[in-house]
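A.B. asks: Now for the letters of each chain:
2 protein chains.
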Amino acid sequence: MVMQTLQIRLTKGLIEEISKLVTRGIYPSTSECVRDAVRRLITGTGKMEVPEKEVKEVQEKVAKEVEKEIKDQFQKPKGTVDFYPKEMAVRKTIFRKLMACAERYSFKQIESPAFESFALLSKKEGEEIRQQIFTLEQKGKESFGLRFDLTVPAARMFIEKQKQLPKPVKWFYLSRMWRYEAPQRGRLREFYQFSAEIFGSSKPEADAEIISLAIDALKSTGLTEKEFFVKINNRKILEGLLLDVIDKSKMDDAMRIIDKRSKITEEEFDEELKKAGIKEIDKINKIISMKDIEEVKKLRLNGVGKEGLDELNSILKLLKNKKDFIRVDLSTARGLAYYTGTVFEIYDIDERYRALAGGGRYDKMIEMFKGQPTPATGFAVGYATLSLLLENKDLIPKVDLGPDYYIAIIGDAKEKAREIIEKLREKYKVEIDLSQRNLGNQLKYANAIGAKKVMFIGPDELKQGIVKVKDMASGNEGSMKIEELQ
Amino acid sequence: MVMQTLQIRLTKGLIEEISKLVTRGIYPSTSECVRDAVRRLITGTGKMEVPEKEVKEVQEKVAKEVEKEIKDQFQKPKGTVDFYPKEMAVRKTIFRKLMACAERYSFKQIESPAFESFALLSKKEGEEIRQQIFTLEQKGKESFGLRFDLTVPAARMFIEKQKQLPKPVKWFYLSRMWRYEAPQRGRLREFYQFSAEIFGSSKPEADAEIISLAIDALKSTGLTEKEFFVKINNRKILEGLLLDVIDKSKMDDAMRIIDKRSKITEEEFDEELKKAGIKEIDKINKIISMKDIEEVKKLRLNGVGKEGLDELNSILKLLKNKKDFIRVDLSTARGLAYYTGTVFEIYDIDERYRALAGGGRYDKMIEMFKGQPTPATGFAVGYATLSLLLENKDLIPKVDLGPDYYIAIIGDAKEKAREIIEKLREKYKVEIDLSQRNLGNQLKYANAIGAKKVMFIGPDELKQGIVKVKDMASGNEGSMKIEELQ
Numbered sequence: 005m006v007m008q009t010l011q012i013r014l015t016k017g018l019i020e021e022i023s024k025l026v027t028r029g030i031y032p033s034t035s036e037c038v039r040d041a042v043r044r045l046i047t048g049t050g051k052m053e054v055p056e057k058e059v060k061e062v063q064e065k066v067a068k069e070v071e072k073e074i075k076d077q078f079q080k081p082k083g084t085v086d087f088y089p090k091e092m093a094v095r096k097t098i099f100r101k102l103m104a105c106a107e108r109y110s111f112k113q114i115e116s117p118a119f120e121s122f123a124l125l126s127k128k129e130g131e132e133i134r135q136q137i138f139t140l141e142q143k144g145k146e147s148f149g150l151r152f153d154l155t156v157p158a159a160r161m162f163i164e165k166q167k168q169l170p171k172p173v174k175w176f177y178l179s180r181m182w183r184y185e186a187p188q189r190g191r192l193r194e195f196y197q198f199s200a201e202i203f204g205s206s207k208p209e210a211d212a213e214i215i216s217l218a219i220d221a222l223k224s225t226g227l228t229e230k231e232f233f234v235k236i237n238n239r240k241i242l243e244g245l246l247l248d249v250i251d252k253s254k255m256d257d258a259m260r261i262i263d264k265r266s267k268i269t270e271e272e273f274d275e276e277l278k279k280a281g282i283k284e285i286d287k288i289n290k291i292i293s294m295k296d297i298e299e300v301k302k303l304r305l306n307g308v309g310k311e312g313l314d315e316l317n318s319i320l321k322l323l324k325n326k327k328d329f330i331r332v333d334l335s336t337a338r339g340l341a342y343y344t345g346t347v348f349e350i351y352d353i354d355e356r357y358r359a360l361a362g363g364g365r366y367d368k369m370i371e372m373f374k375g376q377p378t379p380a381t382g383f384a385v386g387y388a389t390l391s392l393l394l395e396n397k398d399l400i401p402k403v404d405l406g407p408d409y410y411i412a413i414i415g416d417a418k419e420k421a422r423e424i425i426e427k428l429r430e431k432y433k434v435e436i437d438l439s440q441r442n443l444g445n446q447l448k449y450a451n452a453i454g455a456k457k458v459m460f461i462g463p464d465e466l467k468q469g470i471v472k473v474k475d476m477a478s479g480n481e482g483s484m485k486i487e488e489l490q
Numbered sequence: 005m006v007m008q009t010l011q012i013r014l015t016k017g018l019i020e021e022i023s024k025l026v027t028r029g030i031y032p033s034t035s036e037c038v039r040d041a042v043r044r045l046i047t048g049t050g051k052m053e054v055p056e057k058e059v060k061e062v063q064e065k066v067a068k069e070v071e072k073e074i075k076d077q078f079q080k081p082k083g084t085v086d087f088y089p090k091e092m093a094v095r096k097t098i099f100r101k102l103m104a105c106a107e108r109y110s111f112k113q114i115e116s117p118a119f120e121s122f123a124l125l126s127k128k129e130g131e132e133i134r135q136q137i138f139t140l141e142q143k144g145k146e147s148f149g150l151r152f153d154l155t156v157p158a159a160r161m162f163i164e165k166q167k168q169l170p171k172p173v174k175w176f177y178l179s180r181m182w183r184y185e186a187p188q189r190g191r192l193r194e195f196y197q198f199s200a201e202i203f204g205s206s207k208p209e210a211d212a213e214i215i216s217l218a219i220d221a222l223k224s225t226g227l228t229e230k231e232f233f234v235k236i237n238n239r240k241i242l243e244g245l246l247l248d249v250i251d252k253s254k255m256d257d258a259m260r261i262i263d264k265r266s267k268i269t270e271e272e273f274d275e276e277l278k279k280a281g282i283k284e285i286d287k288i289n290k291i292i293s294m295k296d297i298e299e300v301k302k303l304r305l306n307g308v309g310k311e312g313l314d315e316l317n318s319i320l321k322l323l324k325n326k327k328d329f330i331r332v333d334l335s336t337a338r339g340l341a342y343y344t345g346t347v348f349e350i351y352d353i354d355e356r357y358r359a360l361a362g363g364g365r366y367d368k369m370i371e372m373f374k375g376q377p378t379p380a381t382g383f384a385v386g387y388a389t390l391s392l393l394l395e396n397k398d399l400i401p402k403v404d405l406g407p408d409y410y411i412a413i414i415g416d417a418k419e420k421a422r423e424i425i426e427k428l429r430e431k432y433k434v435e436i437d438l439s440q441r442n443l444g445n446q447l448k449y450a451n452a453i454g455a456k457k458v459m460f461i462g463p464d465e466l467k468q469g470i471v472k473v474k475d476m477a478s479g480n481e482g483s484m485k486i487e488e489l490q
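Protein chains in written order, with my numbering: chain W, 5 to 490; chain Z, 5 to 490.
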């Protein structure tokens, strides 16, 4: 339905007062109380009596809040990251490696707007994701939200050119997205991902390509099989086995709870299953404890299960060269309902951090978004966890931001110096004095910014057609002919 | 004050009905009508009578709207751009050139979150910018908006580390931002800019560095003095001259209207000045028609004007090597109130498009954001206009997205082929079959994606230790020894 949102703004203090009235049962909800209050005001039909002392308390509370707010108002939003030059250079270096890897796999980079229609964003995971989407205040008719993953926009872009694109389409993203989270450690509101999708192949080759890319991309950052591994599963195997044990109506709940298994205790797991009305706990525990495909092969699988096993088997064969990275793990379910077959997650070897990456096959999404039915598979690597692991393994790339030359101009040589600077800047990173500082302060600055060499340009040297150059690491000084600079 | 927004969602059809009631004078506003309606519902105090025929009409109208909405809801938001692989590669190529140029100037890249506190965003240009900011629906206490430029977040980042950073700080950005605009041609809601700032130098050297970078960055894309030029001015000259003519209280209005001069007719210009209560139109026209610094030098300038002229003069001297690009133009004012001295704009030579770039000195902003007072100067180049001009001048970089090799596997050679593919992918862009297609269809695909060579791997060739390679441009075929592949 076409909806329109009206907005009402109130002070926090007043909202607290309203909450009290709601708690006392005078109003069923905050909204209703507000509506009634405004109505009373408009119609003049009496006013709610609030004791004067309470009013004063509220006023004081509000005054304190306002003071704090002014301090906070120019700060970086909580749960976001500023990339200063060094952090930026590190991220760019890591992203360049991931990008180069994706390109060798012949994936092509795309980018989409930061926001999408709310209808699109909420379609995949349902209305409840509204809590996690940063929605934009509506100005016109349109309702937008910031994207919370890169798969949804990629799917939209695919659908828009579905007819003319040669298939399969192999795309990747190196970009950021947003989720509303209450500020807490390690949960970012703005986060970066490397994400890749293949649209238009239902075959195990496509899944193998995706998993292979995920592994090689992580390897390109310096990580090896000693640092990370892939948990792989096929939802159909899990579904097939579960169907022999539980009722179909419990499937979604079971998947969701199995997905949480590694994050909760055995007791909590049992408890959650019980709460969902699933009693076959031992059988489920037995199923998800399987980590060996040979074990699975020995089971008598039903149709769905058999299909999943065949798919998994084909993928493992295709990934033979990468078998050191791969472990079958029937407890890997991926929480989201839209995965239809292969699912995988990548963890650091000690499983100390959250998943480095996750992905799988989602054959129904394009259809759900009103495209022509198209099979699809993909994955995403989160930058936050990846950089934590790289830091822990001392694999953060070393970046060097210092200029090649700092040019110190002595006396009246400004104009000629500019020619030399322009020439040098065709090839080198060159920093110059912008503050009319004396030589001592210029050298301090050159040192502070990590200049590799300082070039001295002065009238005496210019007459001889030379410049002096000091190497900042060795301290060695020498002179160079101006005509030979390049 | 701390405010909180409540949201109410209604169908468009109902909202139209409400509008009718408001038009009839039954309610003072839509909001009030909604509040009353909900209240009536809750309290059960009677209902508004609407004739049945009207209800049916509304229902039909709503049904039609819903159908249209479903079609629209999965579309790209209007006023935004999707970067498909080719457009992405073009933008990346252009951005790499701009980035390389900024790095040779020893500027360092930074990145900040997409959103900032609304208080920060609205501080610089006042509350009226709310109309143009995409604000986020408030979930917790914080009020956020999407950034509409890159200067404000850069200033915030500078302030946060102001004490420990060696000054001057030279930063650049290659990123995107957002402004709410009613959808129309050429006005994007999401747009990309190359932006650079220097914090911590009040000297003309810093302005010259900024203008020089802007020129060299554009040159790096292939543009020359035949394609673009810089209009430079100093607000102090303009202010000084205007102060001799108009009252100080009219200064902001005068600047704002002068800034619009090139976009409106002479009559409209005169009209706007008159409307603002400024009668000295001829004198103003004479001032802003000056395009020659020698002419300005001959004038008797007051203190402010003199200061501006000295600054302009110093900058022009420093930019002597770039004088072919530079024209003094006293009509260049830059609309925004925060510029304090040097201002400049860059246009294509025929002034066919909007400004390619704009910038200037803003010495009061850091202070305004509660940092230690710090002089600053900077500029931004918009990608949308730049790419229009590059297209017009046939300077859009040619990009080649085709893989180096397409690997066609014939018969039972899959496993051995994977070894070869992994080897090749260490160096080359390699595409493989992911769809179990027959050879004919594989070759069609290889052709469609622009593969440069096709490598055929089959059991017979493998026995001989060779692969066949076809060059797609020339059609030449040959064979290569597998051991020699690298």
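Simulated from the structure, these hints should not be mistaken for lab results.
Just so we're clear, the structure is a prediction, and the values are computed from it rather than from any experiment.
A hint or two may mislead.
All copies of an identical chain are treated as equivalent in the list; a pair is satisfied when it fits inside any one copy or across any two copies.
To be verified - In silico lysine to aspartate or glutamate, EDC-like type, Cα no more than 16 Å apart, as pairs: (1) 326 with 395; (2) 127 with 430; (3) 143 with 367; (4) 24 with 286; (5) 279 with 20; (6) 145 with 64; (7) 327 with 423; (8) 431 with 21; (9) 278 with 419; (10) 223 with 107; (11) 327 with 256; (12) 127 with 153.
A.B. asks: Indicate which option fits the pair residue 431, residue 21 if close means a Cα-Cα distance not exceeding 16 Å: within, between, both or neither.
C.D. replies: neither (66 Å within a copy, 67 Å between copies)
A.B. asks: 16 Å Cα cut-off: does residue 278 pair with residue 419 within a copy, between copies, both or neither?
C.D. replies: neither (82 Å within a copy, 46 Å between copies)
A.B. asks: With 16 Å as the alpha-carbon cut-off, assign the pair residue 145 and residue 64 to within, between, both or neither.
C.D. replies: neither (40 Å within a copy, 18 Å between copies)
A.B. asks: Since the copies are identical, ignore which copy is meant and state whether residue 24 and residue 286 lie within 16 Å (CA to CA) inside a copy, between copies, both or neither.
C.D. replies: neither (47 Å within a copy, 64 Å between copies)
A.B. asks: Between copies, within a copy, both or neither: which fits residue 127 and residue 430 at Cα up to 16 Å?
C.D. replies: Neither: 51 Å inside a copy, 39 Å across copies.
A.B. asks: Checking an output row: residue 279 and residue 20, CA cutoff 16 Å. Within, between, both or neither?
C.D. replies: neither (35 Å within a copy, 46 Å between copies)
A.B. asks: With identical chains, the pair residue 127 and residue 153 could be close in the same copy or across copies; at 16 Å between alpha carbons, which is it: within, between, both, or neither?
C.D. replies: For residue 127 and residue 153, the Cα distance is within 16 Å only inside one copy (13 Å; across copies 31 Å).
A.B. asks: For residue 327 and residue 423, with the copy left unspecified, which applies at a CA distance of at most 16 Å: within, between, both, or neither?
C.D. replies: between (59 Å within a copy, 13 Å between copies)
A.B. asks: Within a copy, between copies, both or neither: where do residue 223 and residue 107 come within 16 Å Cα-Cα?
C.D. replies: This pair counts as within: shortest intra-copy Cα distance 15 Å, inter-copy 29 Å.
A.B. asks: Within a copy, between copies, both or neither: which one fits residue 327 and residue 256 at a CA-CA cutoff of 16 Å?
C.D. replies: Result: close neither inside a copy nor across copies, 31 Å intra and 70 Å inter.
A.B. asks: Given identical chains, is residue 143 near residue 367, meaning Cα to Cα at most 16 Å, within a copy, between copies, both, or neither?
C.D. replies: neither (35 Å within a copy, 34 Å between copies)
A.B. asks: At 16 Å max between alpha carbons, let me know whether residue 326 reaches residue 395 within a copy, between copies, both or neither.
C.D. replies: neither (24 Å within a copy, 45 Å between copies)
Hint violations for this structure: numbers 1, 2, 3, 4, 5, 6, 8, 9 and 11, all remaining hints satisfied.
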